[in-house]
Amino acid sequence: MKNLTSPRRVFLAALAAAALVGCKPSENSAPAAGGGGDTSGDIIVGEFASLTGTEAAFGQSSHKGTQLAFEQVNAAGGALGRKFKHLVEDTQSKAGESATIARKFVSRDKVVAVLGEVASGRSLEAAPVCQQFGVPMISPSSTNPKVTEIGDFIFRVCFIDPFQGKLISEFATKTLKAKKVAILSDVSSAYSVGLAQYFRESFVASGGQIVIEQKYSNKDKDFKAQLTAIKAAGVDGILVPGYYNEVGLIVKQARELGVMVPMFGGDGWEAQELIQIAGGEALQNTYYSTHFSPANKAPEAQSFVDAFKARFNGETPDAMAALGYDSARALVEAIKKAGTTEGKKLKEELAAIDFVGATGRTKLDAKRDAAKPAVIITTEGGKFKFLQSIEP
Amino acid sequence: MAELLQQLINGLSLGAIYALIALGYTMVYGVLRFINFAHSDVFMVGAFVGWYAVNQWRIPSGTILSGLLVLGLAMGVCALLGVTIEKLAYKPLRNRSTLTVLITAIGVSLLLQNAGQKVFGANPKAYPALFPTSQFHFAGVMVSSNQLVVLVVTILLLGGLHFVVHHTKIGTAMRAVSFNATAASLVGIHIDGVISFTFALGSALAGAGGVLYAINYPSIDPFMGTMPGLKAFVAAVLGGIGNLPGAALGGLLIGLVETFVSGTRASTFRDAIAFAILILILLLRPAGLLGKLRVEKV
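Read top to bottom, the protein sequences are chains A and B.
Oh and the first sequence: position 319 is 319 in the numbering used here, straight run, nothing missing.
Position in the second sequence (from 1) plus 392 gives the number in the numbering used here.
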């Protein structure tokens, strides 16, 4: 089989290859809706979450929190004398799905509000649809500031990346004593690009230096080239503002290359998969900031942790679960206060919301973002460990 | 200098895996004249066989022997899968136009990916460490044992393949079928057997590639084959499709180019550059680096 080539065939095959890049299969299996009663007077709420795909751990966690909240509320009689019907759709961790799902919720299911997503990029896709049709949307844990800038119907129950970037920067300068830092960010994620930017502003303002910036894309597997360049630049810390799948591979490959400096990131790190992929040893000397720690002693946090463990076979909830829970709680509170499920009224009550949930007091500012304390988590012996709490 | 050497090692270990996959493309092309797009999904299945071997079938991991056992198992399963695909999907189309078979191959690829989603689940899985791992350090360059495993296994498999193709009877038969199938059958070569053997061999290499890829990048999912498969296809065309040393050379080149581009500021253009190279090669040297042009018979 030597040297048998015809240019025409090769070109044809190349065309077919190009076509193949563009046509990934799409699988459309909507999971069954959870919770809710069966009378026609139910309050219908739509949740979109990344239940499968690369950020499945986030979607699953967040969804469990939301599900628990609606189950509790329904068990206590619901709101306005009606029960909640909680619809769920899977975004498959893909770009392009969220807007379609939001449209379906609004036009076909006639939901009173939309909950979701964890990833900022996907919340940014759905938000314009909700804004256009005047249906309130609450993101549990999208931290990019642009999400609520879409309009006055878009809310969130978590802190935003300017705060998170600043606190990671302070942690890097004060606790880790880092002066020369590298950034390895995911260009395909609005969250990653945003967090890198806010970290950079804060870090440079406090006298630090960003020596080198490297980029990667979602679903990349090989980061050794970027990490080798970072190693050659000589840094005393690396910021990796990405999601756990890639972060796990990055940390592992960094340690394989002999890069032993501290590595740190944001709430995108928080998933058990991080430990499974990178391994406990490689994760030594790594830190991330997030919204919630199950070690939190506040009574609301503890009662949430207990209820979650009882509902999901002893599983310990993480920050995404707690925020998923709080997003549903915020909606229920607002509906009770508004006395109606009408969009405009609901929007006003959501803007004025003030309650204590699993992640602490949720009170929104004029930009419909929540100011909340953050926690820093590290890894010890293959387990996440609470390190410190930082007030807003 | 240390950085350059390190990037060279990184690029070689990535390129070695591309080379393994590219060989499968090129072998099938050599014999049947079509691009087997399902090849990249056989690669994915190989990785999952390794995952199941350790996590479900309880083959202990972490020693060289068990690592090789898992590798052999993945190669065996993939060889069977390759032969089955050929018998069910491609053989009935043997006398149809190449385009028909090509489109069938894309169909088989989609089938494997979506069946993979059903069977394996759509979420990425963490891959176990099959071989004992350690780091070697010399002259400022870090080499992980996994990278060495990839290089050594690739070199051994390439050597084995060269031996089979050039120094055995079945290899001679493969070359004869590749040269002229009708003439080969006239002198008594069992064409179907040769084609099955080619698929088995190519798919086994893809299975090995899948396991090696997964131990280096330990997060696997049913779509993991798409990008490496396309890169390997580019590698095969770059080296001259149908040409075995060309596929190996192309794989190494693509691995090196990707790594060196990723290490600079242009890192986000990595894939674009890999595909731009394909277009350039097709324009300037349509037969690839080591390929020879042949007049199409009418």
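If you are wondering where the hints come from, they were derived from the structure by calculation, not from laboratory data.
Heads up, some of the hints might be wrong.
[To be verified] Per the computed footprint, the stretches of chain B lying under chain A, defined by three or more beta-carbons under 8 Å from a beta-carbon of chain A, are:
1) 434 to 444
2) 611 to 624
[Claimed, not checked] Which chain A residues face chain B? A few, computed with CB under 10 Å, are given here:
3) S93
4) P162
5) K166
6) E213
7) K252
8) L257
9) K297
10) P299
11) E300
Where a beta carbon is used, it is the ideal one built from N, C-alpha and C, also for glycine.
Failing hints, ascending?
1, 4, 5, 9, 10 and 11
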